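J.: Put together the whole structure using the sequences plus the hints.
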Amino acid sequence: MPSMSLNDVVSETPNVLLSPERLRLDVPQGLHNSMAIAALIIWYVSSAATLFSNKYILSSFNGDAFSLGMNQLLLSIAASYVHMQILNRISTQVHKNPSTLKTIFQDMIFIGAFRCLTVVLGLVALKYIAVSFVATIKSSSPLFTVIISRIILGEKTGIWTKFSMVPITIGLGLCSSFELSFNSFGFLCALGTNIFECLQNVYSKVLISGDRYRYTAVELQFWASLVASIFQFPILCYNVHILSALHSTSMTLALLYIFNGISYHIQSVAAYAVMAYISPITHSVANTVKRALLIWLSVLIFHNPVTFLSGFGTLTVIFGVILYNEARDIEKRAGNSNNLVNNNNNNNNNNSPMITWRDV
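1 is the number of the first residue of the sequence shown in the UniProt record's numbering; add one for each residue after it.
Derived from the structure by calculation, the hints contain no laboratory data. A quick note: this is a predicted structure, and the numbers were derived from the prediction, not measured. A couple of the hints might just be wrong.
Capping the alpha-carbon separation at 20 Å, the derived lysine to aspartate or glutamate pairs in DMTMM-like fashion look like this [stated by the list, open to error]:
no., residue 1, residue 2
1, K162, E331
2, K290, E197
3, K290, E331
4, K162, E326
5, K102, D329
6, K290, D64
7, K127, E197
8, K162, D329
9, K127, D64
10, K127, E326
Computed Cβ-Cβ distance ranges for the label pairs, DEER-style [unchecked claim]:
no., residue 1, residue 2, range
11, R150, S250, 30 to 40 Å
12, N183, T249, 25 to 35 Å
13, V45, R89, 26 to 36 Å
14, I235, N183, 16 to 26 Å
Every residue gets a Cβ at the ideal spot worked out from N, C-alpha and C, and that includes glycine.
T.: Printed below as a string of structure tokens:
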């Protein structure tokens with residue numbers, strides 16, 4: 001069996017027979033597909049719009065991170081619901097919702113909690129440190145993926161994957177030591193965002209590729225945001241006087257909230273859509289490219305002062321992530337080759353050409 005990263009987990013149900021039609025749906029079609037390219041571009045643009053409007057609202061308007069986070073979740077719920085209704089009317093092939101709300105909340109309880117924490121911690125981090133520094137910390141997610149994989153899945157990584165952690169760790173240390181906007185609380189919040197985003201990704205991949213029921217990108221966005229908002233509401237009430245906040249919100253800030261919430265919704269749906277088209281390794285590479293672009297765009301837009309060693313640390317992190325992706329790709333191909341040999345031997349013994357979920 002090949003070693004799995006968190007993003008490689010797709011199902012816990014073994015030996016599920018696939019039809020030819022389902023096989024075509026299960027195998028990632030890659031970026032040769034025009035819809036995948038479109039989703040990727042939308043993901044990049046909407047991510048930039050969300051990140052920069054987050055920082056603008058929090059810095060220029062002294063916006064509240066908890067209010068902004070709840071705004072993103074509520075607008076995601078509304079936009080996803082409208083999106084689902086439109087899709088259900090124009091297509092009979094769209095998935096229908098699972099039979100009971102109990103089943104939905106069982107599926108979404110963890111991903112909702114992780115999304116709530118990811119949104120809140122990410123926004124709090126932006127309140128204290130520069131956009132480029134936040135994006136650099138998020139770029140180091142493979143480091144946390146390896147650690148969490150080891151703790152939760154007991155996964156043992158190969159020598160090259162372990163080696164790739166060295167430049168990521170060194171680069172993150174350089175950025176932290178020489179970053180002019182460094183703030184320990186903001187730094188810890190950004191690290192927390194990384195951890196919970198990794199956990200959210202694994203549950204998202206399980207639900208979007210499940211055997212019992214496959215959530216579409218829009219369904220996953222709707223239900224995850226709904227459950228996350230339930231977790232978020234008590235936090236909002238504790239930290240914000242809601243009526244006073246509503247009365248003090250100007251028309252300009254309200255329009256910025258709407259723009260920010262819609263761009264956040266588009267970003268999340270596009271990310272899920274890209275995940276359905278490409279392999280986890282390719283998705284990780286695409287995410288790394290996106291982070292790199294956001295780092296340098298934020299420096300240009302917000303004119304963040306960057307020291308030489310901090311910039312060098314950012315490049316070191318990006319190099320380490322690229323090395324990590326290559327190492328995971330090599331390990332995955334080696335594991336798939338071993339699986340193919342084992343499956344061929346089993347098929348010769350059993351005379352049964354069965355294709356299982358794990359083999360795809």
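J.: For the pair supplied as a hint, K162 and D329, confirm whether the alpha-carbon distance does not exceed 20 Å.
T.: Cα-Cα ~14 Å, so holds.
J.: Can the restraint linking K127 and E197 be considered satisfied, given a maximum Cα separation of 20 Å?
T.: holds (19 Å)
J.: Please check whether I235 and N183 have a Cβ separation lying inside 16 to 26 Å.
T.: holds (21 Å)
J.: Holds or violated: are the alpha carbons of K290 and E331 at most 20 Å from each other?
T.: violated (24 Å)
J.: Holds or violated: K127 with E326, Cα cutoff 20 Å?
T.: Roughly 34 Å between the alpha carbons, so the hint for K127 and E326 is violated.
J.: Would you say the C-beta atoms of R150 and S250 sit inside 30 to 40 Å of each other?
T.: violated (48 Å)
J.: Is 26 to 36 Å a correct range for the gap between the Cβ atoms of V45 and R89?
T.: Since the Cβ atoms of V45 and R89 sit about 27 Å apart, the hinted range of 26 to 36 Å holds.
J.: For a C-alpha distance cap of 20 Å, please report whether K290 and E197 respect it.
T.: holds (16 Å)
J.: Tell me if the straight-line CA distance from K290 to D64 falls inside 20 Å.
T.: violated (26 Å)
J.: Between the alpha carbons of K162 and E326, is the straight-line distance 20 Å or under?
T.: Cα-Cα ~12 Å, so holds.
J.: Are the Cα atoms of K162 and E331 separated by 20 Å or less?
T.: With Cα atoms ~12 Å apart, K162 and E331 stay inside 20 Å; holds.
J.: When you check the alpha-carbon spacing of K102 and D329, does it fall within 20 Å?
T.: violated (38 Å)
In summary, the structure is inconsistent with hints 3, 5, 6, 10, 11 from the numbered list given earlier, while agreeing with the others.
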